[in-house]
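Asker: Those protein sequence lines, which keep their order, are chains A and B.
Residue numbering for the first sequence follows the working numbering, beginning at 1 and increasing consecutively.
Residue numbering for the second sequence follows the working numbering, beginning at 1 and increasing consecutively.
Please keep in mind that the hints were generated in silico from the structure rather than gathered at the bench.
Beta carbons: idealized from backbone N, C-alpha and C, even for Gly.
Some hints here could point you the wrong way.
One-sided excerpt, in silico: chain A residues whose CB lies under 7 Å from chain B [what the hints assert, rightly or not]:
hint, residue
1, Ala37
2, Asn38
3, His39
4, Met81
5, Tyr82
6, Asp85
7, Arg87
8, Pro90
9, Ser106
One-sided excerpt, in silico: chain A residues whose CB lies under 8 Å from chain B [claimed, not checked]:
hint, residue
10, Pro71
11, Thr97
12, Asp126
13, Arg135
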Amino acid sequence: MADPATDTPSPQFSRVVADESEVARALTRMAHELLEANHGAENLVLLGIPTRGVPLARRLAALIEKVEGRPVRQGELDITMYRDDLRANPTRNPGRTAIPGSIDDSVVVLVDDVLYSGRTIGAAFDALRDLGRPRAVRLAVLVDRGHRELPIAADTVGRTIQAADDERVAVQLAELDGTDAITITRTGKES
Amino acid sequence: MRHLLGCADLSATDAIAILDLAEEMQQVQSRPVKKLPALRGRTIVNIFFEDSTRTRTSFEIAGKWLSADTINVSAKGSSVSKGESLRDTMLTLDAMGVDCFVIRHPSSGAAAQVASWVRAQVVNAGDGQHEHPTQALLDAYTMRKHFRSLGNDGFAGKKIAIVGDLLHSRVVRSNVLLQNLLGGEVVLVAPPTLLPTGVENWGCQVTSDFDSVLPEADIVMMLRVQRERMAGGYFPTEREYTAGYGLTEERLRALKPGAGICHPGPMNRGVEISSAAADAANSLVLEQVASGVAIRMSVLYHLLGSDEGAMR
């Protein structure tokens, strides 16, 4: 039990690098960048990668709709089955995959919260291949924290953070966590 | 979880995780590429010492859609018919580097026995009169879908009548054990000669009066009457059995509206189930078959998806 006299935050150092309004501004810019690169919302399909990519894709879709005045297709793409470390980890129950119609010849935008090793996105490419043949695949992430293990780059990034290996970059979203924030936590162990 | 030998090994969390994942797996059936890479490089041997079409085929499809290599071994024409013992057959196959055996055997307890011999993981696809866990899971999956289509979730307060030859049925034991986990209330209906011994300890209601159950059952599950049992003197004639325990047209009308009709197949039309009931709008028989592949994909993924073979 914690002693109330020394009731300080845990010895881990956690700092917030972006709050609610900064997350909102970043997402608005990302929506505009996607539209600019695609010359409008024509053929766009936003696919969020569970868990936090899903609400992010929903928000980006809403922002794009606000600018363009018409809805943009949006769904979820679970990549659990396609992970290259599936066998090394305890069995996990996959999330939902919900694709809004055919993705053939569309421009799929993969949406995730944090881009780190790039392996999740690598797995997402494999998952997409089984679902159809998009004309192009783009990547939108709220945070790029570096340390890539695969040759993958995002097309639009909310915030680039130079985080060390022993730091954990976490995104909180109101839909799941009650608040919007990007935090860095020092874990003290190399990940 | 290392093996799936019976519903007795499952916890409520396991059972619900299997049902939930099966819903995702069912989506694969409607995709252009019916393939998930989850079990790439795994080898599954379906070894059936009893005839079966639907169970064996659906296990084979399930393994293939998850990218495992599946091989069917029929005991007929194998070294078993040359007199090799079950243990030697299984150890031989095990030595070839098989990851999982899906086994059906006429003796109760065979799957558990095999699991104690081999290094591979074992799924029981029916052992004698003991258990047939994937059948019970797909029954539960079908029922849950049916309940949801009527606007309610879960098994709590639902009455599930299982009718027929309970004595020789492995499906009934698995279903009772599974419903004990999920919260459904099972009523067993059978002539006294076809009740298994010890049924009073199963924790469910038992009756020989089918008609009294009809108006309150949410599901009626009809079990096949095995014609070969007739010689055993369990009931006087087929007609008499149908009169007492068949889901006739008349009984179909006495069912509560929206009650679902299940049958694990193969059906004896005109004996335990009338054609009118088998083809009724609320018959779930074909849905059960359709759920079979999804449930077996879910089970195989839970057992073989991770090297730890651990279910979370």
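Asker: Would you mind marking each hint as holding or not holding in the structure?
Answerer: We went through each hint and held it up to the structure:
no.: 1; hint: Ala37; result: violated, 28 Å
no.: 2; hint: Asn38; result: violated, 25 Å
no.: 3; hint: His39; result: violated, 28 Å
no.: 4; hint: Met81; result: holds, 4 Å
no.: 5; hint: Tyr82; result: holds, 6 Å
no.: 6; hint: Asp85; result: violated, 10 Å
no.: 7; hint: Arg87; result: holds, 5 Å
no.: 8; hint: Pro90; result: holds, 5 Å
no.: 9; hint: Ser106; result: violated, 14 Å
no.: 10; hint: Pro71; result: violated, 23 Å
no.: 11; hint: Thr97; result: holds, 7 Å
no.: 12; hint: Asp126; result: holds, 7 Å
no.: 13; hint: Arg135; result: violated, 16 Å
Violated hints for the displayed structure, listed by number in ascending order: 1, 2, 3, 6, 9, 10 and 13.
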